[in-house]
Amino acid sequence: MRAGQSRSIRIGYTAFSMAVIGFIVLPLIFIVWMSFYSNKILSFPPEGYTLDWYRRAWALSDFRNGFFLSLRTSLIATVVALCLGLPASFALVRGRFWGRETVSTVLMSPMVVPGIVGGSALFVFFLEVEFLTGWRVAGTSLGLIVAHSLIALPWMIRLVTTSLISVNPSIEEAARSLGAAPLTVFFRITLPVIKPGLIAGSLFAFINSFIDLEKSIFLVGPDSTTLQIALINYLEWNFDSTIGAVATVQIALITVLLLITDRYAKLSRAF
Amino acid sequence: MLAAPGLVFVTLGLLLPLALMLRNSLNRYDPSELMISAVTAENYLKFFGDAFYQEVLWRTVWISGLSTAICLVAGVPVAYFLARHVSALAKRMLLIVILVPLLIGNAVRTSAWMLILNDKGVLAAFLGLFGHEGPLGLMYSAQGVIIGLVSVLLPFMIITLNSVFESIDQNLEDAGQSLGAGHFTIMRRIVLPLAMPGVLAGSVLCFILSMNAYATPVLIGGPTFHMMAPTVYQQIAKVMNWPFGAALAFILMAVTLILTVGVSVVVQRRYRKWSE
Chain A
1 MRAGQSRSIR IGYTAFSMAV IGFIVLPLIF IVWMSFYSNK ILSFPPEGYT
51 LDWYRRAWAL SDFRNGFFLS LRTSLIATVV ALCLGLPASF ALVRGRFWGR
101 ETVSTVLMSP MVVPGIVGGS ALFVFFLEVE FLTGWRVAGT SLGLIVAHSL
151 IALPWMIRLV TTSLISVNPS IEEAARSLGA APLTVFFRIT LPVIKPGLIA
201 GSLFAFINSF IDLEKSIFLV GPDSTTLQIA LINYLEWNFD STIGAVATVQ
251 IALITVLLLI TDRYAKLSRA F
Chain B
272 MLAAPGLVFV TLGLLLPLAL MLRNSLNRYD PSELMISAVT AENYLKFFGD
322 AFYQEVLWRT VWISGLSTAI CLVAGVPVAY FLARHVSALA KRMLLIVILV
372 PLLIGNAVRT SAWMLILNDK GVLAAFLGLF GHEGPLGLMY SAQGVIIGLV
422 SVLLPFMIIT LNSVFESIDQ NLEDAGQSLG AGHFTIMRRI VLPLAMPGVL
472 AGSVLCFILS MNAYATPVLI GGPTFHMMAP TVYQQIAKVM NWPFGAALAF
522 ILMAVTLILT VGVSVVVQRR YRKWSE
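Each protein sequence line maps, in turn, to chains A and B.
Each residue of the first sequence is one higher than the one before, counting from 1 in the working numbering.
Each residue of the second sequence is one higher than the one before, counting from 272 in the working numbering.
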């Protein structure tokens, strides 16, 4: 808020920014609105309003099962990312070892390698494993969990390392010198301090796994189709308000998770 | 070592499969046996010998470049606005508003754009109020794909630029102003040169993401609008031509890398001249 900057410039910035943010957000508002239309064939403005599309979306087993499969897969992926990411974050922040930069690059690489490339590499790898050993991974929930854990891990590490950096090691040293065992120090001192980072990391890991399309598209099978894949499969042949209903549920879920994350961490730090 | 489990996991789940894919790109494809072990450059030669695939690559590059440029032009004022003209609370709320569309997922966001761009959709109905008639023709077109891509990429650009603008000392702008510079002179001569690393980072991020975009070209562009990532998917998962699909994936990554590094070097050289 600069006193010196002229009013017209400020108004110009505000108007332009609102237009751009509107451009980003408006499509989502329209798709939520569309989910309540009573029209069979999509047209504007709507003839009336109904909740039937939600019933229909729920009745379609692709969407219902896809939703629960996505929830389960993302939850497991988040737990895997936590188990692998928390110790790795400690090593990255506290460790002083040769090749630390390389270790960090490798751990973050699933975020850097494009989803389609990583997904196709994993798909071919799984099939080659199957040819060699007869062990089927592609198209099973195990394959999905591996792919989604890879997606979740870098987000976990990014947010946990940021909060670990802010922990002053001398507090831990003080506790240790007063006779606390290493585990006591971890649970009583370190963990409470990095809890916001852990929560934000878990939520970001969960969200990014839940919305993944590019990796999952290679790995879904007839009985294991995630919600995002069910959505684009449906879109290939239909475009009606059922999509709106599913989209609205997802928008509500993601918004709530983001609002929770915002309480624990600065959201812009995740990018 | 504490990082070892994660390291093993990423190595087995990403690096090893990538290495295998690089090896596969040198193999030979056979319709009945799928893949025959060989060491041949024929998959890469096939790409560069076939006008169709070069057109796919060229389309991917120009659409990504144009989308990135649009994001830059639209993103700079918004990021600056968030950094300088907004209270902390308003900024936090606007940030969530920007992040929800970003983290909503490509499937939902793209279907929302299909609803808008459709010939019987929101935009057509809106323009109809002003007497516009006939189909919009935005679905299954390059314009439609660019609109969809820009809406995915803008949040990334805004957030990257915003953090750079916030790190710039506001006194510099005040000094410029007290010396009589107008707002646009201050932006051009002080703020943007200082923000160059962020401008570059944001642009590189947007360019990489749109080079690899999958959902937008498939759903808005339709089956005849070919870009690289959908073509990789097609070759690997549908045609099952793994050697050629692998070659496509590595060509895509190599072209992306060469272009982003090239542009970064040029911009940084100019930027150094500026700051001297």
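Treat the hints loosely; a few may be bogus.
What the hints assert, rightly or not - Reference excerpt, derived from the structure (chain A facing chain B, CB under 7 Å, subset only):
{"#": "1", "residue": "Ile31"}
{"#": "2", "residue": "Ala91"}
{"#": "3", "residue": "Val124"}
{"#": "4", "residue": "Val146"}
{"#": "5", "residue": "Gln250"}
Claimed, not checked - Okay, the calculated beta carbon distance ranges per label pair:
{"#": "6", "chain 1": "A", "residue 1": "Val32", "chain 2": "B", "residue 2": "Val537", "range": "40 to 46 Å"}
{"#": "7", "chain 1": "B", "residue 1": "Asp321", "chain 2": "A", "residue 2": "Glu128", "range": "23 to 29 Å"}
{"#": "8", "chain 1": "B", "residue 1": "Ala290", "chain 2": "A", "residue 2": "Arg100", "range": "46 to 52 Å"}
Quick caveat, the hints were computed from the structure, so don't treat them as lab data.
Here the structure is a predicted model, which is why all the values come from computation and not from measurement.
A virtual CB, placed ideally from N, CA and C, is assigned to each residue, including glycine.
Exercise. Which numbered hints turn out to be false for this structure?
Worked result: 8
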